[in-house]
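Trainee: So you can see what is in the structure, the chains are spelled out below.
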Amino acid sequence: MLKSRHLLGIADLASEEISLILDTAEAMKEIAARPIKKVPTLRGRTVVNLFFEPSTRTRISFEVAEKRLSADTLSVAIAQSSVTKGETLLDTVRNLEAMAPDMIVMRHASSGAPHLLARLCRSVIINAGDGMHEHPTQALLDAFTIRERKKRLDGLKVAIVGDLLHSRVLRSNVHLLNRMGADVWACAPATLMPADLARFGVRPTTSIDEAVDGADVIMMLRIQHERMHGHFIPSTREYYSLFGLTAERARRAKEDVIIMHPGPMNRGVEIDSDVADGPYSVILEQVANGVAVRMAVLYLLAGQEGEAD
Amino acid sequence: MPQVMDADRMGRALTRIAHEILERNGNQRGTSDLALVGIRTRGVPLARRIALSLKDIAHTDVPTGALDITLYRDDLMRHAVGPQPLVRRTEIPFSIDDKRILLVDDVLYTGRTIRSALDALIDFGRPRSIQLIVLVDRGHRELPIKADYVGKNLPTSPKQSVQVRLQEIDGEDDVLLQGDAI
Chain C
0 MLKSRHLLGI ADLASEEISL ILDTAEAMKE IAARPIKKVP TLRGRTVVNL
50 FFEPSTRTRI SFEVAEKRLS ADTLSVAIAQ SSVTKGETLL DTVRNLEAMA
100 PDMIVMRHAS SGAPHLLARL CRSVIINAGD GMHEHPTQAL LDAFTIRERK
150 KRLDGLKVAI VGDLLHSRVL RSNVHLLNRM GADVWACAPA TLMPADLARF
200 GVRPTTSIDE AVDGADVIMM LRIQHERMHG HFIPSTREYY SLFGLTAERA
250 RRAKEDVIIM HPGPMNRGVE IDSDVADGPY SVILEQVANG VAVRMAVLYL
300 LAGQEGEAD
Chain B
0 MPQVMDADRM GRALTRIAHE ILERNGNQRG TSDLALVGIR TRGVPLARRI
50 ALSLKDIAHT DVPTGALDIT LYRDDLMRHA VGPQPLVRRT EIPFSIDDKR
100 ILLVDDVLYT GRTIRSALDA LIDFGRPRSI QLIVLVDRGH RELPIKADYV
150 GKNLPTSPKQ SVQVRLQEID GEDDVLLQGD AI
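In the order they appear, the protein sequences are chains C and B.
Residue numbers for the first sequence follow numbering that gives the first Met the number 0, so the first one is 0 and each next one is one higher.
Residue numbers for the second sequence follow numbering that gives the first Met the number 0, so the first one is 0 and each next one is one higher.
Don't take each hint at face value.
To be verified - So, partial list: chain B residues that the calculated Cβ filter (under 10 Å) puts toward chain C: (1) Leu70; (2) Leu75; (3) Pro84; (4) Thr89; (5) Glu90; (6) Leu117; (7) Asp118; (8) Asp122; (9) Val149.
What the hints assert, rightly or not - Below, in silico cross-link-like pairs of lysine-lysine (DSS-like), each with a Cα-Cα straight-line distance of 30 Å or less: (10) Lys37/C - Lys2/C; (11) Lys54/B - Lys36/C; (12) Lys149/C - Lys37/C; (13) Lys37/C - Lys158/B; (14) Lys149/C - Lys28/C; (15) Lys28/C - Lys156/C.
Since the hints were made in silico from the structure, they are not lab data.
Predicted model only: the values in this text are computed from it and were never measured.
C-beta atoms are modelled at their ideal positions from N, C-alpha and C, and glycine is treated no differently.
Excised from the complex, chain B in its bound form (with noise of 0.2 Å):
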C-alpha cells in the first residue's frame, strides 16, 4: 500500500501550517482571539498538534476543543436500514462568539463533513471567521468548499481511499493511499 508522507514529512507540514496560521492571523489581533476545533476523530489530535507548534513558535496558548459532526450529517437516515453511526462527545470548553475559529480535519474529500462541522460550529455561538485547516486534500468536492491552509494537495481517483494515521490514534504517522487510480 503505497505511503504518500511519513511521519517526517507530517511533522513538517503541521509546522509549516502553524507558521501560516500566525503569518495570516498574528498582526492585527494578536493571536488571543485564535481557537482550534478539530473534527472526530482524527481532526483532534491534529489540531492539538498544531496547538503545540503555535505554543512553541510564538508562545501562544490557543484554546483547543473537539467536535463530533455525526447528529449534523446530511446522510443519517437516508438509508432504508442500518445501525446508526456512534455519536461521541463534542468539547468546546471556551465561548466561540467572536473568536477567529481554526476548524481542522485530516481529509478534505466531498465536503460533507465540513459542511455539517459549520453547521454545529454556529450552534455554539457566532464566530467572528472560520478557517479551514486539512493534513490532506483529495479533491472531488461536491459542494463549494475550500480548505485555507493544506498539508498536501494529493491528486486521486474517487475509487481510492485515503488513510491517515496517526500516533495517538493508530500507533504511527502517515498517510496511506489505497486502491487503483483508475
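If we strip away everything but chain C, and leave its shape as in the complex, we get (with noise of 0.2 Å):
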C-alpha cells in the first residue's frame, strides 16, 4: 500500500510503493482497449481539477483517468475564477473543499503549494506538477513506459538533456530512477544545469555526444522560455546546434534506444522532427501510458481518504 495519504513527489516513495503503482498501471492499461473503456471503481467519487498554470496534456489525462474509473470530476481553470479577482490559493481551495470533493489533483506555479494544501485540507491531494519541484506522475508514467518497452529499469543508462534548471520533471525523473537504479546523465548548458546534481547521484555532462553514448532511453526536456526570466542561452539556433537531438546524434545511443519527451515539444529547439516522429521515439505511447498510471494513483489513494496524517 502507499504510506501516505497524498502524493506529492517521487522523494517520499519507497522503490516497493513505486512498484506497486506500475503493477497496477499495467491492469488499468488493459481497460483502455474494452469496447466499454470504464470500470464503476470510483462511483460517487469527486474529484476536483485545480490548473493554475496551462495544461493540456496533463489536465487531460487526469480527466480521462478520472472518467474511466467512474468519478465526478470537475475542473477548474483559472482563468475563468475567483483567483484572478485576488483571491488567495487557500481560500480558493477552502470554498471548493466546502462543497466536499474528495480528491484535488493540483499544478501549482509555486514549489510546495500542493504540500501547504496537504497540511491544511481534508482532501487527498495529487501533485500535477508544482513550480521547479516535482511532477510526480510525469517521472511514473515515463518509468512505465521505460519498464514496458525494457521490462526493466536498473542498469539502464537513461541520458535527460534540455533545460535541468527549469524542469520538474527532471527532478522526479531523478528520484524514481535513481531509486529504482538506472544510471542516470543529465546533460545541459552550464547555465541550465542546477548546482549539486551530482550529489543526487547523477552524471551531470555538458556534452550531448556524451550523455547519450551508448544510453537506453533518452529523455529530451523543453526549453521553458515562460520561466526564463534573464537571458541562459544565446539563442535557440544556437541551443540546436549544440544540444539539440538529431538522428545523426541518436545514432550515438544503442541500437534499441527509446526516445522520449514529456511534452509539449519545441521542433527544430530541442528535438529534431526526424527523431520525434521516426521509429525509437516513443512519445505518444508516453501519453496512452500516463493515463494509465494515473488511474493506478487515483485508484491506490482513494482507499486512503477517511485517514488523518
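Got two chains here, each in a separate frame; can you build the complex from them with the hints?
Mentor: Structural data, given as C-alpha cells:
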C-alpha cells in the first residue's frame, strides 16, 4: 500500500510503492482496449482538477483517468475563476472543500503549493506539477513506458537532456530512476544546469554526445521560455546546434534506444522532427500510458481518504 | 486440517464437469461458440484444465481468458481506511459477443464475486449466455446466484474457511476445510 495519503512527490516514495503503482497501472492499461472503457470503482467520488498553470496533456489525462474510473470530475480553469479577482490559494481551496470533494489534483506555479494544501485540507491531494519542484505522475508514466519497453529499470543508462534548471520533470525523474537503480546522466548548457546535481547520484555533463553515448533511454526536455527571466541561452538556433537531438546524434546511443519527451515539444529546438516522429520515439506511448498511471494513482489513493495525518 | 478433496478426486470432478458441458452445449450449435473465463486467481488454472479436458474428450479448442474483478467489488472503499486490494490484469483475448461463456471460480460462497464478474463481463460485450462453473459450492449465498456445474457441494458453517490449492499456484492439488463446524 502507499504510506502517504497524498501524492506530493517521488522523493516521498519507496521503491516498493513505485513498483506497486507501476504494476497497478499495467492492469489499468487493459481497460483502454475494452469496448466499454470504464470501471465502476470510484463511483460517487468527486475529484477537482485545479490547474493554476496552463496544461493540456496532464489535465486531459487526469480527466480521462477519472472518468474511466467513474469518478465525478470538475476542472477549474483559473483564467475564469475568482483567483483573477484576488482570492488567495487557500481561500480558493477552502471554498472548493466546502463542496466536499474527495480528491484535488493541483498544478501550481509555486513549488510546495500542494504540500501546503496537504497540511491544511481534508481532501487527498495529488500534485500535477508544482513550480520547478516535482511532477510525480510524469516521472511515473516515464518509468512505466521505459519498463514496458525494456522490461526493467535497473542498470539502464538514461540520458536527460534539456532545460534542467527549470524542470520539475527532471527532479521527479531523478528521484525515481535513482531509486530504481538506473544510471542517470544529465546534460544541459552550464547556465541551465542545477547546482549539486551530482549529489543526487546523477552524472552531469555539458556534452550531449557523451550523455547519449550507449544510452538505453534518451529523455529530451523542453526549453521553458516562460520560466526564463534572463538570458540563459544565446539563441534557440545555437541551442539546437549544441544540444538538439538529431538523428545523427541519436546514432551514438544503443541500437534499441527509446526516445522520450514529456511534451510540449519545440521541434527544431531541443528535438528534430525526424527523431520525434521516427521509429525510436515513444512520445505518444507516453501520453497513452499517462492515463493508466494516473488511474493507478487515483485508485491507490482512494483507499486512504478517511485517514488523518 | 481436514482434506475434503484430494488431487485424484479434483481431477475426476473437473473431467465430469467437462462431460456435462459437452452434454449441455454440444448438440444444437456445436462447441464453436463456447469460451471459458476464469476468475483470478484460482479460477484461471481451473478454466485452463477444463479447456484441456474438452480438447481430450471432444477435440475442440475452447478459447480461455482471465478476469480480475477487483475494480468491480462491492466492498471497495466501504471500509474506513486500508490498503486497496491488488489489481491484476484481465486478459480476454477474444470477443465475447454472442459467445456462450463458461465462467469459472474455485469456491462459490456469498455470490458477491460472481455478481462483480457478471458486471465486468458485460463491459466486454454481450454474450449469448453465461454459465457458472465452481469447484466447490459451500453455501451461504447472499445474492440470488446459482452454479450450473459444481465439482463438490460442501456443507459448511460461515465460521469455517475453505481453501482450494492448485498445482499451478500452490504446488499441490487439494481442498481443505479449516475451523470448527459450530
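Trainee: Now look at each hint and say whether the structure bears it out.
Mentor: Do the hints match the structure? See the list:
1. At its closest, the beta carbon of Leu70/B sits 4 Å from a beta carbon of chain C; the interface hint therefore holds under the 10 Å criterion.
2. Interface hint status for Leu75/B: upheld, as the beta-carbon distance to the closest one in chain C is roughly 6 Å, under 10 Å.
3. Because the smallest distance between the Cβ of Pro84/B and any Cβ of chain C comes to about 9 Å, under 10 Å, the interface hint for this residue holds.
4. Because the beta carbon of Thr89/B sits about 5 Å from the nearest beta carbon in chain C, less than 10 Å, this interface hint is met.
5. With its C-beta approaching chain C no nearer than about 7 Å, Glu90/B sits inside the 10 Å limit, and its interface hint holds.
6. Among the interface hints, the one on Leu117/B is violated; its C-beta lies about 13 Å from the nearest C-beta in chain C, farther than the 10 Å criterion.
7. Given hint, Asp118/B at the interface with chain C, holds; its Cβ is 7 Å from that chain's nearest Cβ, closer than 10 Å.
8. The beta carbon of Asp122/B comes within 4 Å of a beta carbon in chain C, closer than 10 Å, and the hint placing it at the interface holds.
9. With a least beta-carbon distance of about 29 Å to chain C, the hint placing Val149/B at the interface is violated under the 10 Å criterion.
10. For the proposed pair Lys37/C and Lys2/C, the alpha carbon gap of about 27 Å is at most 30 Å, so the pair holds.
11. For the hint pairing Lys54/B with Lys36/C, the CA-to-CA distance comes to about 33 Å; that exceeds 30 Å, so the pair is violated.
12. With a CA separation close to 29 Å, the supplied pair Lys149/C and Lys37/C stays within the 30 Å bound.
13. Between Lys37/C and Lys158/B, the direct Cα distance comes to roughly 36 Å. Violation of the 30 Å bound is thereby established for this hinted pair.
14. Only pairs whose Cα atoms come within 30 Å are accepted, and Lys149/C paired with Lys28/C is accepted, the gap being roughly 17 Å.
15. Of the supplied pair hints, the one linking Lys28/C and Lys156/C holds, its CA atoms being roughly 26 Å apart against a limit of 30 Å.
Of the numbered hints given earlier, the model fails hints 6, 9, 11 and 13; all others are met.
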